[in-house]
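Trainee: In the order they appear, the protein sequences are chains A and B.
Counting with my numbering, you get residues 1 to 697 for the letters of the first sequence.
Counting with my numbering, you get residues 1 to 505 for the letters of the second sequence.
These are computed hints drawn from the structure, not numbers from a lab.
Each hint should be verified, as a subset may be incorrect.
Said to hold, decoys possible - Computed list of lysine-lysine pairs in DSSO-like fashion (alpha-carbon distance at most 30 Å, straight line): (1) B/Lys290 to B/Lys53; (2) B/Lys426 to B/Lys268; (3) B/Lys268 to A/Lys224; (4) A/Lys168 to B/Lys426; (5) A/Lys65 to A/Lys6; (6) A/Lys168 to A/Lys389; (7) A/Lys168 to B/Lys268; (8) A/Lys389 to A/Lys224; (9) A/Lys168 to A/Lys224.
Keep in mind the model is a prediction, meaning the values are calculated, not measured.
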Amino acid sequence: MAWIVKNLWLIPALPFLAAGLSALLPQRRRQTAATLAIGSMIGACGLSVWALAHAIKHSAPNAPKEFYNFVWLQFAAGDAGLLQLGWVLDPLAAVMLVMVSFVGLLIFLYSVGYMATDENYTRFFCFMSLFAGAMLGLVLANSLLLLFICWELVGLTSYLLIGFWYPKPAAAAAGKKAFITTRLGDVALLLGMVWLYHETGTLLFYDGGAGCLEQSALAAMVAKTTNIGLAVSTGIGLLIFAGAVGKSGQAPLHVWLPDAMEGPTPVSALIHAATMVAAGVFLVARVYPLMSAPVGDSAGAATALQVVTWVGAITAFFAATIAMAQNDIKRILAYSTISQLGYMMVGLGVGGVAVGMFHLVTHAFFKALLFLGAGSVIHGCHEEQDIRKMGGIRKFMPVTFLAYAVGMMALAGVPFFFSGFWSKDAILHAAHGWPVSAGPFHLAFAGVGLTAFYMTRQMALVFWGRYRGYPASETRVARTPELVRVRAEHEPHESPAVMTLPLVVLALCVVALGGVGTPWAPWFQSFLGAEPAAGFTRDVVQLMVASTLAVFVGVGFGLAFYGYVQRQTAAEPDLLSKALPLGMYDWLAQKYGIDELYELTVIRFNAWAARACAALDQWVWNGVVTCISRGALLLSWVARAVDECALNPGFDRSCDGLRGGGRWLSRLQDGLVQHYLRIMGLGLLAWVLFWIWGGAP
Amino acid sequence: MLAWTVYISFLGVLVLMLLPRGNAPAARWVALITAVAGLLVGGAGYAQFQPGKIQTVTRCSWVPALGLEYHLAADGVSLTLVLLTGLAALGGVLLSWNVEARTKEFFAFYFTLIGGVYGVFLSFDLFLLFVFYEIAIIPKYFLIALWGSTRREYGAMKLVLYSFFGSALVLIGLIALYVVAGARTMNVLELAQHPFPHGFQMWAFPLVFVGFAILAGLWPLHTWAPTGHVAAPTGASMLLAGVVMKLGAYGCLRVAMTLFPEGLEAWKTWVAALAVIGIVYGAMVALVQKDFKFVIGYSSVSHMGFVLLGLVTLNTIGLSGAVLQMFSHGIIAGLLFAVVGRMVYDRTHTRDLPALERLHLSRRMPFAAGTFVIAGMASMGLPGFSGFVAELQVIIGAWQAFPMLAVITGGGILIGVAYTWRALQKAFFGDAAEPAVAPGAEPAAAGDSASGQGLQVVSMPERLGAVLLIGASLLVGLYPQVLLRVIVPSFASPLFDWLRQGGSL
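Okay, chain A solo, but in the shape it has when bound:
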């Protein structure tokens, strides 16, 4: 076994160590905490690259997996009761390792600038390192249990970091919402895991033929059918997918992700764009053999994968529509993330691991770039997040502008020079050829146009036009030096190099990454896919043309609405609200009212049920206990009444009689000698009389 395989655990261990050490540091050791965190990420990144090199060297179609397993605990006698954990180094893990550690490293660097004035700087890096460790552990896990453990840990750090500015009520509430919503999916995942263990007796993915994703276990699960007609493999697959839905913000559990933007922007970039939210997609890719196991007569695609595809397609489209009507720069990106995660799910569902994962990786880079760019903008605009109050920022922040433009074009799918174009096209191409239904393709295709539109809208409002962020009184052209100075204070400024450098690096990656997965040289697809990817065909070109047209239509509409006629003030209504019929704009701006719907249904029902239980406890169970105790008291009263009315009077009367008798008798014994003598005299007299009249012998 190669050294790197055996010691793969070092990759997550380094950030964990950094987190542990910086947890012990006092808050004022800011420099040390940042150095520890960044140092650990450099180490993790180096090892990850080594691991990737190893995986590339050993990659061959259907090569045996390289893994290392160890016993964690024994919860029943014998070998069957051993629970093993382990890690695996395969192309999927290797690609994710490099992506997470590299993007993470850049975001850590950026945070040095972004969080520079925060008083809890040390704690921030502690949590971020903890997150990085857990995320890296998640991607290399060779056991669903280890994956789940890390899965929960990333969820926890996500909670801690969303609520990092917890004195802000919205931040605390968002953290709680995120935790509970994703936990809903996690419980399903937990049950799926338990079921999987029950069926296969192992939670290891690969174990030299005995793992749960390997042939024998899969065959057993496919062959078995549950009561409701689903194959066991489908049932387990759907439960696991429910976990992914929660984590990856797919409909209907997407509600937490936009709120999660309350966290600091580097957190949004790392956790809620590039890595953690993609963990759901990764999970589906990891258990792909289970999800795709062909069941009986379903010729086209496994049921579980069909569900994945539909959920992804619906999410991709519907989140894109919401993104059109948002005004918070980060929330637009959040809905865009939800939408893009939907694309990845579609990619997995229709095209396999390689298609979905390619988009995951390219998205991680360009979305991290966009978020960091947005953070730079927010930072430059004095913590303003409302795009209506921005405008014209390209003049003030040229580097941020250029980098952001690269990210925007990659996300929108502008052709040829941006990786997003290639990865999105691969998904569309696969969806087009899906034998089951054309629906997902149409939804995804429409989503491409919408994406181009909302990103153009955002770019136009933020970077073009004139700056609208001056205080209301300062909108006029400044004349006096005093006014010029005041104006300058409110003007945006470019961020420091420690923040712009990661932007530039990410932008270069976004452009370069496209090269590894074009239809002409599908290296990435061959590396990840089980068999060599099909190369370049004619319909690829047709689709490319079609999707390019969709992008241009989207961009064109965006420019038409927001490019030529620039809004002048922050307060005026959005042009789109006039263009869309029937108040649809408000409907979109309200996110279809889904939060309110949940508030009215699930949350209210749960609150009602909880109150019902509390009332049951207070009135019924306590009532029963009270009744029993009252009954006992009543009995006692009856007993007392019998005692007092029947038994006691009888007893008392006999006592009285006795006492009366005694008292009468006691009068005889009053201690006066005269009385005694008198009685003695009387007695003597009686005796004498008896003698006189009685017959004396």
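Since chain A is already given, all that's left is putting chain B on it; use the hints.
Mentor: Relative to the frame of chain A, chain B by itself:
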């Protein structure tokens, strides 16, 4: 060796009684030494223990005419619970450091309770077990009625009446089984080999099981638990939730289940259903409580449901999970009560969540807030803490025995997250209006009517206690084998012969 846990505790009581009245520091130190000694003895017992063996500690004749013996022994289950008792006792002493009123009497009652608990866990003679069980009940009344808060007489009386009701059932069952077995012995090992008639088991099992399970918070006989926990002083709540509830679960396992396997087989679905109702129901009620301590009280009902569910799964995974959950809940509930009762209530004199919301405790008591975050994470079963492994095992076990109930249990876990987070948010991270205080400003400046002056800093004994319990939970969570290595083999002992022969173990 392990017998000394019992003797040391009672010796501690004796020494405490001899101390001069009013010398509180001396009483505290005696209590601390007693607790530490008990824990060390338990630890030494663990170090010497050979997994899989039933280790006889002491055995001599007691009432020869009836065949009763003074028989102390330990298997992996007893040992785990002895360790738990040691930890909970030490934690409780550290968090009762501020008891000023009649300190020595407080600790005297406290260690009478502890001695009784140690005795129950080590008794292998049923009559002896019952005696220790009764010894453990009485001090509870005084601890709550004399040092408690909120409706303390009511809570104390309710708790004691429930306990005695349960032990009355148990006593009837014990006498009946003594007579039916006719073997002139109360030795649980010998009785476990005795095939009791089926008809007898059918009524004796529910009698004894329910008798013990009352103390384990079996729904719907759980209502003593929240009121008792709330009324009790912190140290006593920690013991009540930490070890006294385990007495019940331990009795169910050691007596009812091993002696009456056929009765168990017939009734197990009912017990499992009640346990799952308890899990979900307790969590639901906890979700809407206004009193912070009631939230924790009801969470105990929910968590003990996992123990009972694990017990009746009748597979080694579920059973060892149940024992692990006993340990885990003992530690975590103790920790939660420590934060609520000692750190928060003793300082703010309120447990009303809306009132706490206005106090912004996270800023004024960061240590308490941090401890509660960690305890809350442990309580909701996050990986890394003992609760995760225990609940995972119980669910895996339950999936094999009762798949539907396992699914419902999942819902209970989810509500567990919700009530913990709700309490956490309201108590520490409240956002209710308050005259704005700059972060980092002197807490005393927060001029609030409920506590005008600054809150006392969290003291060293409290910190030590919290760290001790968190450490224990983390150790077991990260390396569960430390306990599982003694627990799992003990289910292979002759005690469980009947369960094994039933083919279910």
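Trainee: So, for every hint listed, does it hold in this structure?
Mentor: Hint-by-hint comparison with the structure:
1. B/Lys290 to B/Lys53: 48 Å, violated
2. B/Lys426 to B/Lys268: 39 Å, violated
3. B/Lys268 to A/Lys224: 27 Å, holds
4. A/Lys168 to B/Lys426: Within the cut-off at roughly 14 Å; holds.
5. A/Lys65 to A/Lys6: 13 Å, holds
6. A/Lys168 to A/Lys389: Distance of about 22 Å is within 30 Å: holds.
7. A/Lys168 to B/Lys268: Given pair A/Lys168, B/Lys268 is violated - Cα atoms ~50 Å apart, limit 30 Å.
8. A/Lys389 to A/Lys224: With Cα atoms ~59 Å apart, A/Lys389 and A/Lys224 exceed 30 Å; violated.
9. A/Lys168 to A/Lys224: Roughly 51 Å separates the two Cα atoms, so the pair is violated.
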